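*Asks:* Sequence:
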Amino acid sequence: MIKKTFLFPGQGAQYVGMGKKLCEKYDIVKKTFDEADEALGFSLSDLCFNGDIVELTKTQNAQPAILTVSVAMFRVLLEKNIIPDMMVGHSLGEISALTCADALPFADAVCLARKRGELMQEAVPQGEGAMAAIMTRDIDMLKQLCEEFSSQGKGIVSIANYNSHTQQVISGNANAVNNVVEKLKQDNIQTKLLNVSGPFHCMLMKPAADKFREVLASCNFNELKYPILANVTAMPYAGVSDIKDNLTAQIFNPVRWTESMTYLKKYMTSYCVEVGPGRVLKNMMKTNVSDIPVYAFDTEEDKLYECVENSFIPFVSRAMGIAVATKNTNWDDDLYRSGVIEPYNEMKALQFNIENEGRKATEDEMKETIKLLLKIFATKGTPIEEQKNRLEELFADSGQQVFFKNFDMNSITV
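Note that the sequence shown covers residues 2 to 415 in our numbering.
Rather than coming from a laboratory, the hints here were simulated on the basis of the structure. In this text the structure is predicted, and so the values were computed from the model without any measurement. Idealized CB from N, CA, C, for every residue including glycine. One should not assume that every hint holds.
Unchecked claim - Pairs of lysine-lysine, DSSO-like flavour, derived with a Cα cap of 27 Å:
| hint | residue 1 | residue 2 |
| --- | --- | --- |
| 1 | Lys4 | Lys193 |
| 2 | Lys144 | Lys193 |
| 3 | Lys361 | Lys81 |
Said to hold, decoys possible - Ranges between beta-carbon positions, derived for each pair:
| hint | residue 1 | residue 2 | range |
| --- | --- | --- | --- |
| 4 | Asp333 | Ser242 | 42 to 52 Å |
| 5 | Met136 | Lys32 | 33 to 43 Å |
| 6 | Tyr306 | Met136 | 32 to 42 Å |
| 7 | Lys22 | Asn331 | 29 to 39 Å |
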């Protein structure tokens with residue numbers, strides 16, 4: 002079974018012009034930006050398309066902007082019948098993922114992202130905090146160094162992002178971060194101070210997290226439509242009850258991205274789609290799990306569609322495979338012939354005609370295939386729950402999840 006994971010970027014992915022071409026190309030993207038403009042009470046679309054990069058990079062602007070672009074892209078993917086099996090977002094991207102999983106309405110989410118940005122911006126005065134990327138695999142060494150400088154009483158510093166096997170990000174008071182950076186430079190370890198407006202994902206953000214929890218208390222969340230990995234645990238959400246705690250803890254705890262990508266490998270992800278501006282997460286994946294392909298929607302839309310088209314199994318062929326693989330509990334030869342062999346041969350003839358004419362199965366042909374498959378299930382004595390699971394597998398592997406999203410087995414007369 003093809004498994005697709007959607008990756009949602011966080012702050013730092015923004016750039017002036019993001020979403021503009023998509024807005025001109027897809028009505029659903031324009032509608033999404035219109036929703037954001039109305040919810041926020043100002044033209045976020047103009048800021049994204051034509052604004053000043055300094056203004057766009059301000060945390061309270063960047064967060065709702067990136068979320069809006071991500072949701073707009075996600076909606077395009079749904080229209081293209083590209084459905085995720087798993088989702089994970091980097092920092093702010095986790096809220097984007099939750100929004101796309103229908104945990105909260107988009108209008109609420111974009112306001113929540115702006116409020117989150119405001120609280121994080123207010124938590125530490127401008128210039129008193131800093132973040133730096135450290136190119137090292139030695140996490141224990143980096144942790145120890147951060148603890149040493151934090152214990153000197155000149156500020157705190159800690160690991161904020163475990164981004165890849167070779168890149169970690171530290172965050173804290175500017176003096177403490179700079180001290181760690183200088184020490185690492187002496188040891189010939191590559192470092193880079195980041196152009197950010199605050200020291201995110203460290204204890205300096207605890208006041209912002211406490212205030213954000215109060216904001217979350219007034220929000221009503223829905224059960225998740227798709228599985229999502231949480232930043233603070235690198236494990237799937239157990240349910241809607243996790244949302245408020247995870248989003249609060251995430252603000253002052255490190256993003257466990259490397260572990261999340263390792264989870265995707267164990268989950269047997271076939272390929273990932275970066276749903277948001279830029280290709281930061283695609284680049285990170287190269288050093289995390291290089292054998293999982295990643296398509297950045299922002300820059301590789303056509304290549305993604307080609308991959309999706311090639312990954313789907315023809316509908317009738319997949320149904321035939323499922324028919325053969327389903328266990329039989331009926332040993333009556335006559336019933337087996339009329340209820341299994343004959344409908345299977347009908348599918349075989351149908352697929353031959355489709356291939357011979359060089360086309361895809363029509364709506365009527367897909368419905369006829371389901372009818373034949375249900376007849377085989379009934380004859381083999383397949384339990385109803387297994388029948389439902391097998392049909393979901395058929396729809397997913399053939400790329401027909403959207404077409405059959407409201408499918409009712411009882412609507413087919415066998």
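*Asks:* Checked against the structure, which of the hints given earlier come out wrong?
*Replies:* Violated hints (numbers, rising): 1, 7; every other hint is consistent with the structure.
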